[in-house]
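Chemist: From first to last, the protein sequence lines are chains A and B. Those letters in the first sequence? Residues 1 to 125, per the working numbering, in order. Those letters in the second sequence? Residues 1 to 135, per the working numbering, in order.
If you're looking for bench data, these hints aren't it; they were derived computationally from the structure. Note that the structure is predicted; figures quoted are calculated from it, not measured. From the three backbone atoms N, C-alpha and C, an ideal C-beta is built for every residue, glycine too. Be aware that one or more of the hints could be misleading.
[Unchecked claim] Derived DMTMM-like pairs (lysine to aspartate or glutamate); straight-line CA-CA distance at most 20 Å:
hint, chain 1, residue 1, chain 2, residue 2
1, A, 102, B, 8
2, A, 78, B, 27
3, A, 102, B, 33
4, B, 96, B, 79
5, B, 81, B, 100
6, B, 96, B, 114
7, B, 81, B, 8
8, A, 78, A, 97
9, A, 102, A, 82
10, A, 78, A, 94
11, A, 78, A, 111
12, A, 78, B, 33
13, A, 102, A, 85
14, A, 102, B, 27
15, A, 78, A, 93
[Said to hold, decoys possible] Away from chain B, derived, C-beta distances all over 10 Å, residues of chain A:
hint, residue
16, 4
17, 26
18, 28
19, 32
20, 36
21, 53
22, 64
23, 67
24, 68
25, 72
26, 73
27, 90
28, 91
29, 112
Chain by chain, the residues:
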Amino acid sequence: MLRESHRVLQSSGRVAGYVIHTPDDLSAEDQERATEFGPSFVTASASPAELAASVGFEVVYQEDVSADFRTTADSLFKARAEVEDALRAEEGDDVYEDEQEKRRGMVDGVDAGLLLRSIVVARKR
Amino acid sequence: MFASDNIERYRAAYARPPSTTARRVEEMVLGRDVGLGGYTTVEQATLLTNHLALPRGAWVLDIGTGRGWPASHVAARLECKLVATDVPVEALHAAKSYLEIGREPSRAQLAAADGTALPFRPSIFAAVIHADVFC
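Isolated chain B, as found in the complex (with noise of 0.2 Å):
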């Protein structure tokens, strides 16, 4: 998924926090502040969440979540069980407070992981989401 110079890249840009300024120009032309140059606006986000059609509590996987956006919208949309996935640790930090973890009920975790090599058992997830992490 990563090479080895974005990796680095990677993990310096998560590691720091937007600015207030990015933030603020992201949720004007966004919709929300989702932090390191998405391009998913909300309506996006929606649209998404509307092709997965799950049941409530549902397994959902997000590969390469960033700070944790569109998946905080799916999870919070469908009421589904997240599981959240990125290389750098860095930004799985930085998602922790977007999917809103550690507050009850939470229902997302974190781990990290390449998309290439899942740490997951065969068939347990009722659907797997992206948003621009590969072609």
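Extracted from the complex, chain A is given alone in its bound form (with noise of 0.2 Å):
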């Protein structure tokens, strides 16, 4: 995907948005742990600014949003949660539940050190 952005960028364009990722040197067994909590995506093991320099692009701006992210997920489960009832008469049980794991998942991940999320934006090179 990020070799596709580079092939339709112009030259010096930017792509830039916010990513779920794995903190570096993560054994294969945390590697495994960190998909189990996150998003079925999260599978790279090269970083976001190494996925980016190796299709042609200079990172130029980084940022770690991860406890902003943890703090959204959380809220996002407990004022879910508070509103259960509704939530199951009008999305269904298993759709309610299917989300609430899905955030709590975020929160647990980013709690064992299994998962990031950053904002990166990169210059085509």
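Join the two chains, each given in its own frame, into one complex according to the hints.
Modeler: Now the structure itself:
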């Protein structure tokens, strides 16, 4: 995807976004655990900056926003739990439980030091 | 971008209109109802926008737009021309209202596309944006 972004960008164009990723140098076992906590796409072993550089980008800004991410995920989890009955009625039990499990997993993954969320801005070299 | 089992899951999720209560919860926590469990707050969407520093009318590509957040924020703030893409067509239908397509002047277009094989010519976008779609 980064390679395709690089292809369609004009010279010096930027790719910018939020990335859920794992810390550098995780063991294979922890990488597997991170995948269980986080979204299914948390599979890359290289850092976002390394991935960007590998296809011709220069990272111009990166900030770890994991603390805000944890707060957001936890707030969503708790706010949804407070209106559980209404959500179960509107979304159905399966969706409600899936959504809550997903958010709980994000919080647990950050707390376990296995998940990070960063904003990464890179310029096409 | 998508594992095959995920495609069906996302299709089903986007085909389902967000419940009124879920939208209220997201608006309270994120500052905006974004649909389908996004984590990007309004403040973070603004930070993303500020890092693009684009002239008005520049072409911006959003990969994995979902229901169009935070792309709608970026497009509105920068007055850019937005091409919003995602794999599930259901997501694009959902994004249509968030991106205000069909209203004049429309600055957004939708395209069903996989981020690993984009159907665009080289070197046409000033920026590419994304939120929690890949690592």
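Chemist: Sort out which numbered hints this structure fails and list those numbers smallest first.
Modeler: The structure breaks hints 7, 16, 24, 25, 26, 27, 28; every other hint is satisfied.
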